[in-house]
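Chemist: With chain G's structure known, arrange chain H on it following the hints.
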Amino acid sequence: MADAAIELVGISKSFGPVKANRDIHLEVRRGTIHGIIGENGAGKSTLMSILYGFYQADSGEIRVGGKPVPIRTPNDAIALGIGMVHQHFMLVENFTVLENIILGAEGEALLGRSIAKARSELARLEREYGLEVDPDALIEDLPVGLQQRVEILKALYRGADILILDEPTGVLTPSEADHLFRILNQLKDQGKTVVLITHKLREIMAITDTVSVMRQGTIVATRETSETTVEELAELMVGRRVLLRVEKEPARAGAIKLEVKNLTVKDGRGVTMVDDVSFIVQAGEIVGIAGVAGNGQSELIEAIAGIRRAEFGTVVLDDKPIDVTGRADPAELRERGLAHVPEDRHHVGLVLAFAENENSILGYHYESLYLKGPFLNIDAIVADAEDKIEKYDIRPPNARLRTANFSGGNQQKIVLAREMEQDPGVLIVGQPTRGVDVGAIEFIHKRLIAMRDAGKAVLLISVELDEIRSLSDRILVMFDGRVVGERGPEATEGELGLLMAGVEAKEAAE
Amino acid sequence: MEVFNVLLQLLDATIRVSVPLLLACLAGLYSERSGIFDIGLEGKMLGGAFAGGAAAAVTGSAWLGLGAAVAVAVGLALVHGFASITHRGNQIVSGVAINFIAAGSTIILGQAWFRQGGRTPSLSGAGRFEAITLPGAEAARDIPVIGVIYAELISGHSILVYFAFLMVPFTWWVLFRTRFGLRLRAVGENPAAVDTAGISVAWLRYRAVICTGVLTGLAGAYLSVAQNAGFVKDMTAGKGFIALAALIFAKWKPVPAMFACLLFGFLEAASIRFQGQAWPMIGKVPVQFMQALPYVLTVVLLAGFIGKAIPPRAGGVPYVKER
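Sequence lines, in order, name chains G and H.
Note that my numbering has the first sequence beginning at 22, numbered continuously upward.
Note that my numbering has the second sequence beginning at 14, numbered continuously upward.
You may find that some hints are simply not true.
Said to hold, decoys possible - Here are the simulated SDA-like cross-link-like pairs (lysine to any residue), alpha carbons at most 20 Å apart as the crow flies:
(1) Lys321/H to Glu161/G
(2) Lys321/H to Asn115/G
(3) Lys282/G to Thr346/G
(4) Lys221/G to Ser247/G
(5) Lys266/H to Ile223/H
(6) Lys266/H to Asn115/G
(7) Lys334/H to Gly37/G
(8) Lys334/H to Asp288/G
(9) Lys287/G to Lys321/H
(10) Lys467/G to Ala255/G
(11) Lys264/H to Glu161/G
(12) Lys334/H to Lys412/G
(13) Lys221/G to Val165/G
(14) Lys264/H to Lys321/H
(15) Lys40/G to Val369/G
(16) Lys266/H to Leu188/H
(17) Lys40/G to Ser135/H
(18) Lys321/H to Asp288/G
(19) Lys334/H to Lys221/G
(20) Lys138/G to Arg192/H
(21) Lys334/H to Phe110/G
(22) Lys412/G to Ala376/G
(23) Lys138/G to Gly194/H
(24) Lys264/H to Phe178/H
(25) Lys138/G to Thr191/H
(26) Lys297/H to Val312/H
(27) Lys209/G to Gly180/G
(28) Lys334/H to Phe36/G
(29) Lys321/H to Gly291/G
(30) Lys334/H to Ala425/G
(31) Lys467/G to Asp487/G
(32) Lys264/H to Val181/H
(33) Lys264/H to Asn115/G
(34) Lys138/G to Ser135/H
(35) Lys334/H to Arg93/G
(36) Lys341/G to Ala376/G
(37) Lys266/H to Ile323/H
(38) Lys246/H to Ser135/H
(39) Lys334/H to Thr94/G
(40) Lys334/H to Asp97/G
Honestly, the hints are just simulated from the structure, not real lab data.
Chain H on its own, in the form it takes in the complex:
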């Protein structure tokens, strides 16, 4: 029973830390499937987290915080789009620039507005997304195993958690069952085919980066308005890059993306859970080692365990009409 409870707690934590990864990963999926590489997921998430935390603190409404987060992230996504679609700039450079802008400006604005060392004021009450207790969760708690799993693992998360996981089948449906999805996949593979079919390559790609903006905004809002009670500087801590790794690991497919994010989330949860614990034979493992594990795994997985990841063929290449 002891092991079961530890496992349950671990999985519960896994879900919570996986959500921002999952939202960012799906965000990247829209953009990269359309042929726009996006290394700026991190920056958009961070900008969204700050805007969300700030707006929620000022207005006292988590929903307004969410709106602000999405607005800022979409704004940054459009900057990336303007540079790489309209002006056919280098997508990596543009993405890196967005990361820097977000990292710097969130601290400066945070300090200027709130004077708490780059933090936003602590949120409480309606300023945060609270955990939702699903119907029957309390009653189910007494049923062994299944009931406990329902009450502990499935129930009791904020609305953004459920939203993130629902986005997985939704994204799959959009990608493979709608006109927009067909065109999105086509433009990432062969934009010339889309152009000659009479569809605007630029507008299609802009819509894709707007999707990316919305989802990174949600990821950011989750960090500052749901998981934590306010924005802390650099609170994304590389999650945007882990999400990017998960995206490649998942070969740009939505359902594998969810499992990749859960795997990375599990490692992070485990590294927190087992911090400072003494292991038989090994003894105490340094905290830093546990913290490094997800990143070590990223390198190992990307270096060889996933087989050949074939990105969308037109990815990273600005579209220019051939002469």
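With the rest of the complex left out, here is chain G:
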């Protein structure tokens, strides 16, 4: 077709035994926003990395503007007018915006003239697309929303006609994401082609013209966005019907299980990350803490779970205080019925080099059930792990497999199974579904609701606003270390988004 900006014909790519892409056929029309949606591990990022020349396809052909082209390096892609905004920004943090923009596109051996040229070019792009950013600011001083803008400017500076964005909203607040979408629409109006990779259905519906769904390395369907529904796309992604809203009864809150009073926590650099935070969690309710990553949520749950020392404040668990400013001990807290699913499963929740059954008892390994005299009772441990595997549908069902070989969603289930099966009175969960695919999200959400209905107190921290809203009975919003508001589950996304951006907090201060 004449108006195709990019055509992929029969692209396949394997990493060892893993087939990341299988016989992909895709056509992106010029001047449109084309969404590619799929679960994590569906092969979206691999496909785009092939298009950007980061990897070579094992077979297949790429056509740009109707002509077959070899793309062997990012340079080839850049020369063809393809620009990419990576999920993890490819920026040098202690460089200025200008230095980042000219890196690789300097033009000549001395920097003087290329910097001057970039400065005027940047001013032009700023006028044309409303992409304002201080050219002399250091990247590390910019908020993530602006860092992403620098990435977009980098691509445009190199003359990109086709812009690929890989999970661009993962790090943004709802209002920053809306701003990004306005920018993308503007780019489309200027005749640019945008490819948007995401696993968020809402974004696909909000902004794309066409959407392709990927599952297990292949494209299973391509639809006009206006002619499809969220439910259809979700079903295509997972291969079966999914429940997008969690069905639950109203909470029946009971006794106070966890009480946090005036908690103040500093990070390693001495910066106050949690500032005078107080709240309670009752039995039989889920309290969600919403906030943009980095506003103190992580430090808050680490302090409560006893793995980070607090400066000041008290935490009371079942009417008995936890020594959060002194020698709170995670092992002791676990015995007192406080379970913790850490945010970072790779570094805190699991030892990836261990076998699944070893991870499934980590932290509880001293319990008599798992011991035979001074030794570990391997048979009992494996049997116990297999039990959890069945209950939590962990795949592949092999308790002796190295944990690193499980997918993200299944690794998360290993941690959840370990902590939930101890039947704790209080469960602290950090980012329970980060990097987890839709099918597993549904499962994890149901388990959390079941915990609540069994009368447990659940404290949930998540950067996914949808997750907070659909699970929580009460929502606390954290901004800059403080709880800036409490809302019920009926709070709108816009309302929470403003709180998360600190809008109300700032107004109150003035």
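Modeler: Same frame as chain G, now just chain H:
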């Protein structure tokens, strides 16, 4: 006047002993700014010193000695590059290996070729870099203070001394005003950003370690062909490590690197100058104590006086494309 003369001599000696430190320190700067840690500065300097001394002795030309020193040091730098860039090996292990290779092979080859207990034959005449008298130095000698400083301190060093100090602004210029410098700094901070910008990470890092090789070769040649008249075994005596300490002390910046090297050089010069001197109240200080001073200072400075030294973020980590 007596104090002034002592000070002048001390500063003059400081410059002379600082030069190999400075060259090695700038050498390390290129490599480490590109993300390749280099603990093998010592070995490359030693290899360069031996090659320089040997070639100058055989050919009778200081310049050919210099060329040989640079060639050998670049060769060793490429070995380090091959291990740590191409094969993504551990950079510390590779650096230590180079130190051992240099320490052992210089003695063995020296003994096999020259049979003087690991020394190279004494150099004289064109076999050495002689001191250069700057224009007007003799005339200026009679002008008090400024003239004397010019004649004694500024004039009368070998060409490598002037070269070393000119390398400081030059390195700054390369790092912050050229395309190569921009990319070099970028690859030490975030090689993935460089890769996605369509620049070869490996080739960039290879060029950086070649710069390191050239400068360590010059440092080695200075030791055996300019400061001394021939190679003596283990003549670098830990200077490569002091240079590394100075580099960290200077937070990987060229101008602070020069001052750090001058400070370490001053301490070394002082320890030589005041050897065996009796001090009021204290009496005679053992030679060993004075000799240990620069190293004690290194530990003290690195342990707390410089604030937090943040190395290039990708330093020491081999670059592997993410999946």
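Chemist: Now look at each hint and say whether the structure bears it out.
Modeler: Here is what the structure says about each hint:
1. Lys321/H to Glu161/G: With Cα atoms ~17 Å apart, Lys321/H and Glu161/G stay inside 20 Å; holds.
2. Lys321/H to Asn115/G: holds (16 Å)
3. Lys282/G to Thr346/G: OK: Lys282/G and Thr346/G at ~12 Å, within 20 Å.
4. Lys221/G to Ser247/G: holds (17 Å)
5. Lys266/H to Ile223/H: holds (19 Å)
6. Lys266/H to Asn115/G: Given pair Lys266/H, Asn115/G holds - Cα atoms ~14 Å apart, limit 20 Å.
7. Lys334/H to Gly37/G: holds (15 Å)
8. Lys334/H to Asp288/G: Status violated; Cα separation ~31 Å.
9. Lys287/G to Lys321/H: Holds, at about 19 Å.
10. Lys467/G to Ala255/G: holds (17 Å)
11. Lys264/H to Glu161/G: Holds, at about 18 Å.
12. Lys334/H to Lys412/G: violated (37 Å)
13. Lys221/G to Val165/G: holds (19 Å)
14. Lys264/H to Lys321/H: holds (9 Å)
15. Lys40/G to Val369/G: violated (30 Å)
16. Lys266/H to Leu188/H: Roughly 9 Å separates the two Cα atoms, so the pair holds.
17. Lys40/G to Ser135/H: violated (67 Å)
18. Lys321/H to Asp288/G: holds (16 Å)
19. Lys334/H to Lys221/G: Violated, because 26 Å separates the two Cα atoms, which is more than 20 Å.
20. Lys138/G to Arg192/H: Distance of about 14 Å is within 20 Å: holds.
21. Lys334/H to Phe110/G: Judged against 20 Å, a Cα distance of about 14 Å means the pair holds.
22. Lys412/G to Ala376/G: Holds, because 18 Å separates the two Cα atoms, which is no more than 20 Å.
23. Lys138/G to Gly194/H: holds (18 Å)
24. Lys264/H to Phe178/H: holds (18 Å)
25. Lys138/G to Thr191/H: holds (15 Å)
26. Lys297/H to Val312/H: With Cα atoms ~24 Å apart, Lys297/H and Val312/H exceed 20 Å; violated.
27. Lys209/G to Gly180/G: Given that 20 Å is the threshold and the Cα spacing comes to 15 Å, the pair holds.
28. Lys334/H to Phe36/G: holds (13 Å)
29. Lys321/H to Gly291/G: Holds, at roughly 14 Å.
30. Lys334/H to Ala425/G: Measuring from Cα to Cα gives roughly 19 Å; hence the hint holds.
31. Lys467/G to Asp487/G: holds (15 Å)
32. Lys264/H to Val181/H: holds (15 Å)
33. Lys264/H to Asn115/G: Cα-Cα ~14 Å, so holds.
34. Lys138/G to Ser135/H: violated (57 Å)
35. Lys334/H to Arg93/G: holds (15 Å)
36. Lys341/G to Ala376/G: violated (36 Å)
37. Lys266/H to Ile323/H: The hint holds at about 11 Å.
38. Lys246/H to Ser135/H: With a Cα-Cα distance of about 13 Å, the restraint between Lys246/H and Ser135/H holds, given a limit of 20 Å.
39. Lys334/H to Thr94/G: Status holds; Cα separation ~13 Å.
40. Lys334/H to Asp97/G: holds (18 Å)
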